[in-house]
Every structure is written in structure tokens, then in C-alpha cells.
Amino acid sequence: MSEQTDIRTSQPLGLAKRGYSGVIQHLAVADAASALTGHELESRLIELGFVEGARVEVLHEGIVGRDPIAVRVENVTIALRRREAMAIIVA
Amino acid sequence: MEAPLLHLALVGTPNSGKTSLFNALTGSRQKVANYPGVTVERKEGFFVTPAGRQVSVVDLPGTYSLRGRSPDEEITRDMVLGRTSGETAPDLILCVADATNLRLTIRLLLELKNTGRPMMLVLNMFDIAARRGVSVDVPKLSEALGVPVVTSIAVRKGGIAELLRRTDEIVAQEQKPIGPNRWQPLTAPELRATQREADRIIAAAVTLPAKPDTWTARIDAVVLHPVAGLFILALILFLMFQAVFAWAQPLMDLLSSGFDALGQFVHDTLPEGLLQSFLQNGVISGVGSVIVFLPQIIIIFLFILLLEDFGYMARAAFLMDRIMGGAGLHGRAFIPLLSSFACAIPGIMATRVIDNRRDRLTTILISPLMTCSARIPVYTLIISAFIPDEQVWGWFNVRGLVMFGLYAAGIASALLMSFLIKFFMLRDYQPAPFMLELPDYKLPRLKSIVIGTYTRAKMFLQRAGTTIFSMMVLIWFLASFPQPPAGATDPAIDYSIAAVIGKTLEPLLAPLGFNWQIAVALIPGMAAREVAVAALGTVYAIEGGKEAAEQIGQMLATKWSLATALSFLVWYIFAPQCASTLAVIRRETGSWKWMAVTFFYMLTLAYLASLVTYQIAIALGAG
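Read top to bottom, the protein sequences are chains B and P. The first sequence runs 1 to 91 under the working numbering. The second sequence runs 92 to 714 under the working numbering.
With the rest of the complex left out, here is chain P (with noise of 0.2 angstroms):
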């Protein structure tokens, strides 16, 4: 007969390594969902035991006690006394901590213990805390703390061997009944006296050594160093956006070519018509031009994970906080705000980690000012279409610095728009505490960001299978149909729905520089930015035939004055964002309408923006 599913659930601090062991186990076997009817990102993952069990596991939100004081705190609570609603109680927790850092995870594991369900105490990163000179004695832990204790070393072949192996061994024993749930909310004193007895266990079953990292204590000097700090801070933004614009172009080129050579090819084979025009110049030039821009979304999630992983974003968020705090924002705001240069739906399902309900919606409202992933396709073309490609004072690349510039015109619009929010609409506004841990250092290791950047790239294909694939299909329909009159002479285009639309609206958007083919292209634009690309790719495709889709850039750059080119760049710094965006905002804020109130405050600015750049522009000669 075959065994149950067992359900393992990880629990522990933040940094204590949880990630890396839930990567270790379950390597790509990973399913990202969210629970039901909060935001809160459910990673299960599977694997077997050497005795052959099947094993589901959970990566639980870090935490450092059961209070639950945000959504993420409550789903670990909650799953841990197996109280939330469709969702199978753990078997056996493993709690995992830093054996570099026992202090905090031993506390936690001690409140873990009042829920009465089976545990074990994960050692993780033990090699570590050996190099540094950490001694534990594990038996003598185990029995001082009632749970097994394990080590493991989850970045290493073979390290998690001994945890495999003692899970087997816990199933097979005879099941002791699950004890009675003891848990309350502890009180002050109640927290005081488990920390102490925490300290006591590893005063009596682990030897520290007597200087603390030696590592961690050098690079801190440098990069929590008052001006230093910053200036590395700034450096390091600014290569990440060099690199997703130099690094990704051999790829992106490479890409573009396959996807040129697809669409030669379905035009060579398939007769002309209907069928040949919807998948070459709907699905292919669409769907392709969006796909272009994987190495670059790549790119930006690898520096994102890899610093997250290093241990800096910490760092970051503790020498931006009082700079952020001027404008009215938390220093965890720092890596919500960060994540939102990949895309603003994690960074604003990130703002969990602000406890205060104001802070979190100031971030959430200016989270889509940040320039998103989804922006980078938008900005490539034009930049390459109308920018000089070249160096400048050694070795910047002008096209690097217009880059740069949008950048950092979104994040300042940023710091405008929450001095605003703080200013007149949350008057009374009194600054939530900064309390973070920063962890020690560590090299990232290669698997967990390869199985991050895979997970998010995975994301990014899906996206443009399923909503850019339709609305491609949509755009080409409405540019399509209805077909030209027999013996019409102006392009086909000119008869169809889409010009209709489109040169509805250009009185509307005229004074911004921007023809009907642009104000086709941005409808789809709200949707999901990168598809305005492809709707402009679609739009001119159907209109000049197949030498105007292969070579979007250079028909731009024939088709549109540098005034234009500009009030459309300025004008996706602040475009309102895609629709899953403004989905997220909804569901995070529980209301309508702060998902109005971010709509139309972005459509202002963008509005607004674009015609200043437009007609500043024009005023200067570049119409």
C-alpha cells in the first residue's frame, strides 16, 4: 500500500537559509501559488525519500515568533497550528536555522514547541559556523531542547543527507499522538523568559568563538561606511543598468534573428493571405518582440536575487532609510521599491513586510513609478531608434546613460509623489520603527539563483504566452479587419477598426506628439506595457508590409521626430501600468479605490509629462 503524502513545513527567521534548503530538496519541483484569498506566496515543493516516501514540503514566510503581526507572520501561525482553511497541517515542522546564529531561531523554536506538533531542528549552513569556529554539541542540544537536531549544509552535494535520513527514521517510528495545541500568544515576560532560556541551552551546548565574523565586519566597514556606502550603493544601480543594456544585446540579437528567420519562413511556406499575415505578423513579430527581452529581464532578477542573497539588500534598506524617510517612506521600503524595477507585482506584494498600513500603501501607490522590467522593451527600441550609439567620456555609452536618466526620473517622480501622499493625505502621520536584522554575508550560491531566475523567467514566458499572446491577437484583429475595399490604394491598415480608434483619440494625445498608430498601440499598452512594442511592431507590420516589422527601430526612426520619440519615452515613465498591476493594488489594499486613485494619478502625470517633453522639445527644434 502506498504511504501518504507526508507534509514537512519549514519554518524559521528570516536569513536563516530557509530558502536555500527548500531549494536543496526539492530542486525544480517547486509550485509558486498564492493561499487562498490573501497574497501571501505559497512555495510547495516534492520529493522522495531514500526509503521511497513522498514528501510534500512548504516554505513557510520567515518569521522570528508566532505573533503574527502581518499577513505573512499570520499564514505561518496559522499553518503551523494547522488552523488555515484547505491546507493539511504539517506532519513534522522542521525548524531551520543559521548555526552561525542560533540565538533567535532557538527562542522561536522554543514558542514552536507549546503547539504540541512533531519538530526537528535544522543546523543549516553548519560548514560555515565551523570555519568561524562554532562548536555544537548536538546530542546535547537535542536533549536540552526535547526535538531532534540535525546539521545540514544545504548548498552542498550529500549535505542534506542526514536530514533525509532522520526523516525517514521519525515516519517510520511508531506515530506518537500529536500533543495538545499549548500555544497562546506569549506576553512580554513570557517572551523574555523563552529568550533566556534560549541563551542558557546555547551557553550550555555551543562554544562561539570569540570574534564575530571577521568578513562581515570589513565589507560593513566599507559599505555601511556614511559616504562610501552610498557612493557603492549608486554604483551599483548603475552597473546593473549598464549591464542589462550592454550584456543582454548579443542574446536579444541573437533572438531577434531566430524569430525573423520563424517569420521568413511561415511567409515563404504559406500562401499569401489571411493565415499568413495572422502568424507572422500577429503571433510571430507580436509575441517574438516581446520574448526579445528575456536576457534583459533575466539580468536585472539575477542582480536582484544575487544581492538579495549576498546579504546586502539589508544593507540597503539601512542606508536609505532616514534618505527615504525625507520623503516620507520606510527603509523596508527599499526592497519592495527595488523588486519593482523587475516588476512592480512582486514589489508590491513585497510591501508586506511594512507592518504600518501607511507606510505600505505610500509604497504600494509609487511602487509602479519604479521602471519595470516590462518598461525595458519600450525604452531599448526607442533609445536604439533615436540615440547615437556612442561613448562618452571614456567608456559610458550614451544609450547606458538615457537609460539611466529614465531610471532615475522614475525613482525621483517617486520621492515626489510619496513627499505628496505624506503632505496632504496622511497629515497625521507618525513614522513606523526600522528594526531589520542585517545578516552576516555569504556567498550566493549558484543553484538557488539559478532556481530563482528560472522561476521568475518561467513567470515572464507565461505572461507572454497568455495575456501578450492574446492581446497580439486582439491588436493584429482590429488592425485587420475590416479588410481594405478591392482596388484601394492606401495602406490596408488605413480601413481597419484600429485606425478608427486610433485617430479617434490622436486629437486627444496630438498636443503629446503622438500619431493614431501610437494611440493604437497604447490601449494594449495598459494591458501589459511591453505589448505596446508589439502592437507598434503589429500596427506598422500590417501597414508597410514585412520589411517594416523585421526592422522596427529604423521605421520608427523614418516615421517619427525625436520630439515624439521623447514624450513617448517620458510618457512610460509614467504610464498608468498594466492591468495585473493595477489587479495587485486592488487585491493589497482591499479596495477599489486606491487602484482608481493609482490609475488616474499616473494617467495625469503621464499626460502632463509627456506634453511638457513634447512641446519643450518642439520649442527647441527637435520636431
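Next comes chain B alone, as it looks inside the complex (with noise of 0.2 angstroms):
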């Protein structure tokens, strides 16, 4: 783990840019207005490699609004909507 991640505060991916890279801190479901209930979410995100401590890199952004979000977690690419990225906390 870098200097610069420890210094860094926690934010949710949902907000990060293209280019952002960072490590999970935890899963926050309850603040991303998903349609999913809370524990599906979790549930997805954990399936898809979403889980505390994994590396993760902001790669690309869609054409409208930014939206969605091709992210690098370890070394899978999964593309998602910032609106469930929010459920991600990284630093």
C-alpha cells in the first residue's frame, strides 16, 4: 500500500474519474439508490470481485453523463452505473 493511498480520504467510486485508481475500504449499500435491495447489491458486488482490500482502477467512462463506469477490480474488467458504484467506498 502507497503513501499516497494512506493519505487519501475515502470517497465512493461512484464519484471517482477516469483514471482514478484506489483500494477498497468497504461496502456501503445502504447510500446507493439502487433498485436492488441491499443485500442483492451486496451479494452482485461481492460476485463480481467487489471486496475490501481489491485494487481498483477507474478505465473508461460512457459518452452520457459519464455513465457507466468500466472499472479494473484486480484483473477483471466490470462495467457498472455510478448509481451502484456508489455503494463502493474506496480510498
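Hint data in this document are derived by calculation from the structure and do not stem from the laboratory. Take these hints with a grain of salt, some might be off.
Computed beta-carbon distance windows for the label pairs [what the hints assert, rightly or not]:
#1 Val23/B with Pro317/P: 19 to 29 angstroms
#2 Ala30/B with Leu537/P: 44 to 54 angstroms
#3 Gly143/P with Ile63/B: 54 to 64 angstroms
#4 Ala308/P with Ile63/B: 33 to 43 angstroms
#5 Ala325/P with Ala30/B: 34 to 44 angstroms
#6 Val23/B with Gln553/P: 47 to 57 angstroms
#7 Ala28/B with Gly224/P: 27 to 37 angstroms
#8 Ile63/B with Leu511/P: 16 to 26 angstroms
#9 Ile327/P with Ala28/B: 16 to 26 angstroms
#10 Gly38/B with Leu711/P: 43 to 53 angstroms
#11 Pro300/P with Val23/B: 58 to 68 angstroms
#12 Val23/B with Ala94/P: 51 to 61 angstroms
Where a beta carbon is used, it is the ideal one built from N, C-alpha and C, also for glycine.
These two chains come separately, so use the hints to put the complex back together.
Here it is in C-alpha cells:
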């Protein structure tokens, strides 16, 4: 873990810009205004590899409202909308 | 004594290369059907191991967990647990992993272990992993997971030898009793714990390269670029339609002259009479006029399969998500809608990847508006008869452009319908999440593509041989009976049942510019769209003799006005889809209501759009 990561404040992945990279701190499913229930959203995010400690990097953004985003999670690339990405707290 | 059939099941995450492994194991010995009671595709194949054991293998729907969020995932769960009635529980589960991307599969495997069933991990695409600098300590991984691990290169000859050898070994071992099923749906903390465990095992047994796949990153920099990406997507779709129109032509001409020769042979060989008319006009010109379109259907499926195997489909969904979201559609609807260009039936079945019921229903209702391959015969016939074969702006073909325009009209009306459905019928709509893995790009493999295309082509021919054939026989019958009275001077068809039906409907369709021959052709066109062409062929053949049958396009050019032709084309953008599509909608939505809704809204659209087209064309002097 680099020094830079340590001094950064945590933020939801849903607000991250293209090129951002960080580490997942925790999942806060109540913060995302998703159509899914908290449990369902949490389960799905974990199944796609979004667990605490995983390295993430925002690789691409869509054209409308910079949404959805393509996120590198360890060595897998996942596309998701910013709305759901709000549940992923990174630093 | 013959050993009983060994049952294998392939389980893995989406994009794990399960299907290419399945193809490598079974070749063309595959059986595609549905699981009883649901519309999940059941793919089973057969092979014999080196030790001579007969094996049946099923390719289960891809999933990230056993929670069963969709009908597909429920099948995977129930099959693995041996709960599906009428299905044999697998003797051995092959958990298939993309060796370059183990993280999510190892987590799935840890969950699968709770089922107590014998299992083996197959590290597929091992060559690509090695090239990228992924190195796996196979014995260590096997020890940590507690299951046998083999590597495989499904796409290379001999690449599955070890898998076969180990399967024989496992089978030859004394049968361990199948462990108790301790699987239960995992809670979020349990899921998290299994993912951590998976990460720990991977860290111990796998060395990953520092950099991700550079090719995928380079391609994505362009393909997922907000502006360039959309441009490329449009270009791909445009190329696809130009290809369908231009490349298929020589083959189609060949098939067409083959059927003509066959018809002529029958004409010359058999004595004049009912049997000759039945074979030449009913069977050969009817079925032949549909089979001629096989090359185009193959090209469409070829494109879809290539894009899918290359890894582009998920990117297309990513690019289209927000754009389609504006029309009330989910990004995942892009794949079903794109499949609907081949045929609405697989398209509607593919909507199962959309787990929100409303998103799914909207997609089902509009997918028949996508121009399916069955409409190609209709479009091609009319376009070649009425639109000049000229080049504009350098290399664009006018006919190709008209074709593109028809496709575009279908897409535009689908988006509009979706918007209306969202606005009027599903007001309290909340967008369902879009979460999708973007797999690394892979070079499509010839064998997989060939097997996939072959399966689709076979399905098309079977349809031509059954539904279409029987409809053609019916049309021929209606158009031939009752026979004209002796000494009649008008063409024989004017005395037939078909003429009675057509003339009854004519007043209703006259404002659209349709004559009674078209009315006759429209009825079987509801059974299967491409039949309309064949039906026109039969109707005009019986009316005009064999010359008309050979040159249906030129025949129409003399009989129809341009306005009628345009109106007919527009009708088929919206035409109430074939009976099989309606049946699938009924099955997938589980309700007659949505089937009826689809039928009537499309019929209304078709009528209104044709009416407007015809009247405008007349006003502009194209009558």
C-alpha cells in the first residue's frame, strides 16, 4: 500500500473520475439508490469481485453523463453504473 | 458389460470459455433442446474417452454463484444439486475457469464444493495465460482447493488430452460416496469470506503479471472511447448489413438457378397436370425461394457469433447502456436486441439475462421490431425489383442503403415503442442495475464459429422443411382448388379459394395499395414471414405460368407500382411476427395477454405505417 493511498480520504467509487485508482475500503449498500435491495446489491458486488482490499481503477466512462464506468477490479474488468458504484467506498 | 453412460456437467462463470471447451469435447455431436417447462437452452453433447467410456456432457448456463437469480442460473443450481426432475445428477462436475482470470471462478468453485459432488477444475485457455505471464502452480492449487486440477487449451488439437485422461482416472478410481449436500444460499459475509479465501489461494498458487493484457487495454482505448466507440459500433452494424446484401449474392444466385433447374427438370419429366404443378409450383419454387436466403442468414449469424467470441458484445452493451436508458431500455437488452436481427426467437430467449421483470418485458415487446433474417427475403425481393442497382458517393450501393434504412426504421420504432411503454404502462419504473464483466478480447476460433453457425443454419433449414413446407402446400392447395371450369379463359387462380379470401380482404387493404394477391400472401406470412415471398411466388406462378415463377422479381416490377412496393416494405418493418415468435412470447412472459398485446400493437403499427407510406407515395406521383 503506497503512502499516497494512506493520506487519501475515502470516497464512493461512483464519484471517481476516469484514471482514478484506489483500494476498496468497505461496501455501503445503503448509500446507493439502487433498485436492488441492500442484500442483493451487496451479494452481486461481491460476486463480481468487489471486496474489501481489492484494487480498483476506473478505465473508461460512457458518453452520456460519464456513465456507466468500466472498472478494473484486480485483474477483471467490470462495467457498472455510477448509481451502483456509489455503494463501493474506495480510498 | 457396458459401463453406464457417464454424466458430466460444465459449470463456470460467463466468458470462462465453457462453450469452446464443450465444442472441443463433443464436436458436432450436440443436441440442443429446452429444459422441461422452462425456455432455458439445454445443450448436451456426447464423446468417448480414450479408455472407451461413453460420456454425456451438458453445458450449463454460466453463473457467478449458485444463488439462482434468473431462470438460467436456477437451472445451473438445480442441475448441480441433482434437483431437476427427469435429469440425471452429474457424476462429475467440470468447473471451467479462464486461466487468465481465476478470481471469480475460484470463488464459485469454493461454493460448489459445498454440494459434495465430485468435481474437477479445468484451467482453460492455458496457452493465453502462459503467454501473458500468468503462471499457475497446478499441484499447489489442487492441494489448496482439494479438487483435481487440469489445464486445457480447448481450441487446440490435443489441448484437452489431459482432461480426458484425468476423467478416465477419476472414473476408474473406486467410487467415493458422494458427500452430503451442505450447500445453502450464502449470506453476504459468507460470500465475502469465500472471495477472501479464493484470493488467498490464488495469491499462494498463482503468479500474475504486473500489467493487464495490453492488447485489450489498447483496443478498449479506442473501442470504449465515448465518441470513437460509438462510431465504430455504427460502422460494424453498417458493414454487417452491406455484407448481408453484397457478399451473399453470388451464392444466392447459384442456389436460385439450382432450384430453377430442378423445377424445369420436374416440368420436363412429369406429364402436365396436378402432380407437376404441385411439385414445381408448390414444393420447389415455394421451399426453394426460402432456402435461397440461407447464405444471408449464415452471414448474419457469423457476424453475431464472431462479435460474441471476440468479446465485443459486452462492450456494445456498455456503450449503449445510457443511450438505450434514455428510451427506457437496459444496456443488457442490447444483446437480445442484436440477436433479434438474426431471429426474434433466440433474441426473446436471450432476454433472460435481464433479471428485472419490467426491463425484460419491454425488451420482449420490442424485439420483434428488430429486422430479423426472415424479413431479408421479403426486403431483398422487393428491393431488387424496384430499387436500381447503382453506386452513390463512391462505394455505397443504393440497395444497401435502402436495406440499411429499413433496419434503421425498425430500430427507431423499437426505441420509440420502448419509450412509450415506459411512459404509459410502467410509470413507477426504477432503473435496474447494469453490471457486466468486460472479458479480455480473444481471437475467435474457427471451430467454435463453424459449429455455432452450422447449428443455426440447421435450425433454419429444419424450419424451411417443416413449417414453411406445410404452409407452401396449403397455399398451393388454396390457390389451385377448386380447379377452373372447362373452357375457362381467366387464369386458373381466379377461380380458387385463395382468390376468394384475397378478394374478401382486398377492400380492407386497398388503402395500403395491396392487391388481392398480396392479401393472400400476407396470411401465411403470419406463420413465418419469409413464407410471404414464397406465397407470392406460388400465387403468381399459378396465375402466370412457369416464366413468372422463375422471375418473380421482374414479375412484381410489372404488376406493382412503386408505391405498393414501398408500402409492402414498410408493412414488413412492423408486420405481426411469425407464429413461432408469438408462441415464444407467450411462453417467456407466461401470459396470453402480452402475446395479444404484441400482436395487436404490431398489426396496428403495420397498417398505419403502410397507409401513410402508400398515400404519401401516391401524392408524390409514385403510383
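What hints, given by number in increasing order, does this structure fail?
-> Hints 4, 9, 10, 11 contradicted; others consistent.
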